[in-house]
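Engineer: Sequence:
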Amino acid sequence: MVNNETLIQAVREQLNGTGFSPDIELLPVSGGGNNRAHEVRSGDRSLFLKEYFQHPNDRRDRLGAEYAFTRFAWDRGLRCIPQPFAMNRSHGFALYEFIRGRKITPEEVQADAVAQAARFFSRLNEFVNDPDAQQLPRASESCFTVEDHLACVDRRVSRLDRIAETSVIDREAGRFIREELRPIWDRLGASIRQQCASGETAREAVPCLSPSDFGFHNALLEPSGQFRFIDFEYAGLDDPAKMVCDFFCQVAVPAPADSAAEFMKRTIDGLRDAETCRQRIKLLMPAYQIKWCCIILNDFLPTDSARRKFAGQGSDEETRKRMQLDKAIHKFAALDNGGILLP
Numbered sequence: 001m002v003n004n005e006t007l008i009q010a011v012r013e014q015l016n017g018t019g020f021s022p023d024i025e026l027l028p029v030s031g032g033g034n035n036r037a038h039e040v041r042s043g044d045r046s047l048f049l050k051e052y053f054q055h056p057n058d059r060r061d062r063l064g065a066e067y068a069f070t071r072f073a074w075d076r077g078l079r080c081i082p083q084p085f086a087m088n089r090s091h092g093f094a095l096y097e098f099i100r101g102r103k104i105t106p107e108e109v110q111a112d113a114v115a116q117a118a119r120f121f122s123r124l125n126e127f128v129n130d131p132d133a134q135q136l137p138r139a140s141e142s143c144f145t146v147e148d149h150l151a152c153v154d155r156r157v158s159r160l161d162r163i164a165e166t167s168v169i170d171r172e173a174g175r176f177i178r179e180e181l182r183p184i185w186d187r188l189g190a191s192i193r194q195q196c197a198s199g200e201t202a203r204e205a206v207p208c209l210s211p212s213d214f215g216f217h218n219a220l221l222e223p224s225g226q227f228r229f230i231d232f233e234y235a236g237l238d239d240p241a242k243m244v245c246d247f248f249c250q251v252a253v254p255a256p257a258d259s260a261a262e263f264m265k266r267t268i269d270g271l272r273d274a275e276t277c278r279q280r281i282k283l284l285m286p287a288y289q290i291k292w293c294c295i296i297l298n299d300f301l302p303t304d305s306a307r308r309k310f311a312g313q314g315s316d317e318e319t320r321k322r323m324q325l326d327k328a329i330h331k332f333a334a335l336d337n338g339g340i341l342l343p
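For what it's worth, the working numbering labels the leading residue of the sequence shown as 1, then goes sequentially.
It is worth saying that the hints were derived from the structure and are not from the lab. Beta carbons: idealized from backbone N, C-alpha and C, even for Gly. Take the hints with a grain of salt, since some may be wrong.
[What the hints assert, rightly or not] The calculated DMTMM-like cross-link candidates involving lysine to aspartate or glutamate, where the alpha carbons are at most 20 angstroms apart (straight line), are: (1) 327 with 317; (2) 265 with 126; (3) 331 with 204.
[Said to hold, decoys possible] Computed beta-carbon distance windows for the label pairs: (4) 266 with 159: 32 to 42 angstroms; (5) 159 with 18: 38 to 48 angstroms; (6) 190 with 323: 43 to 53 angstroms; (7) 254 with 9: 26 to 36 angstroms; (8) 223 with 262: 42 to 52 angstroms; (9) 167 with 131: 17 to 27 angstroms; (10) 127 with 269: 15 to 25 angstroms.
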């Protein structure tokens with residue numbers, strides 16, 4: 001049980017008048033990589049409490065972005081997400097429906113799972129022209145031109161160029177970045193810029209409503225077989241090509257590459273600039289594999305390490321760094337061997 005009286009009192013005040021008993025207890029929920037999570041128990045009812053990480057070097061409004069996106073989607077009838085209940089700015093938390101589901105393994109990502117994810121995105125984007133949708137914030141690291149995408153990867157690689165090499169594992173990571181990741185990225189970025197110097201892919205993308213960081217690493221499977229998609233702190237308006245590239249490049253619970261054709265048929269083909277979006281996806285997929293190598297190596301950066309510690313995952317930093325470096329090297333090798341092939 002959590003013995004944070006200030007937080008407990010803030011939750012009591014937030015729930016006042018909602019029908020929940022003030023006699024509550026907070027139980028820690030494991031598994032969050034960026035934030036603190038608790039189950040709020042009130043009699044036989046439960047809510048999910050999410051405390052959002054805040055840092056002076058990371059000004060992103062995760063709380064506001066996630067709550068606004070979830071409220072927008074829920075109010076328009078989407079039920080494959082948690083119901084939002086309340087947001088507390090002063091204490092940096094939000095309350096959501098507590099979902100009785102479980103994380104899945106990569107082997108469980110079958111055709112029906114991919115179809116449910118595609119259906120969520122497609123249904124969400126039926127409301128992209130809603131006036132309220134245009135009031136939602138841009139997604140974190142939103143991109144609307146090919147140059148935006150490349151600049152995003154440039155920034156991530158440049159941050160890794162500056163990691164402090166204070167231990168053996170830090171020096172190994174630094175060597176991998178300098179001798180392998182950086183040279184390949186410089187050549188790849190230049191090639192992509194040359195390919196899109198003119199033509200359809202040089203145009204600005206038509207924005208979509210993106211869950212962002214979308215994939216089965218951010219999903220819970222209910223006993224009924226239905227997926228509930230969670231963690232929308234980076235959500236907002238974005239290029240649909242970015243959603244697809246991230247969906248197939250994330251490494252925790254990857255979507256099978258052979259599901260890409262059906263996924264894009266269900267998500268991209270209904271959009272206004274579908275063919276141009278497909279061209280951008282094909283052009284940018286290698287860049288996103290580099291981007292995800294960088295994301296895997298975030299543990300070597302001070303702010304991201306602090307976020308892990310906030311979420312209760314910083315107890316064995318050296319072991320985690322070793323694991324992440326091995327993952328990044330494996331991901332990088334997949335790029336070298338042809339990477340993810342898309343139709």
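Engineer: It remains to establish, for every hint, whether it holds in the given structure.
Structural biologist: Evaluation of the provided hints:
1. About 15 angstroms separates the Cα atoms of residue 327 and residue 317, which keeps this hinted pair within 20 angstroms; it holds.
2. At roughly 16 angstroms between alpha-carbon atoms, residue 265 and residue 126 fall within 20 angstroms of each other, so this suggested pair holds.
3. A C-alpha spacing of about 29 angstroms is found between residue 331 and residue 204, which places the hinted pair above 20 angstroms, so the restraint is violated.
4. Look at residue 266 against residue 159: about 35 angstroms separates their beta carbons, and that is inside 32 to 42 angstroms.
5. About 42 angstroms separates the C-beta atoms of residue 159 and residue 18, a value consistent with the hinted range of 38 to 48 angstroms.
6. For residue 190 and residue 323, the Cβ-Cβ distance of about 32 angstroms falls outside the hinted range of 43 to 53 angstroms, so the restraint is violated.
7. The beta-carbon spacing between residue 254 and residue 9, approximately 42 angstroms, falls outside the hinted interval of 26 to 36 angstroms.
8. For the pair residue 223 and residue 262, the supplied restraint of 42 to 52 angstroms is violated, since their beta-carbon distance comes to about 26 angstroms.
9. For the hinted restraint 17 to 27 angstroms between residue 167 and residue 131, the CB-CB distance of approximately 52 angstroms leaves it violated.
10. Evaluation of the 15 to 25 angstroms hint for residue 127 and residue 269 yields a pass: the beta carbon distance comes to about 18 angstroms.
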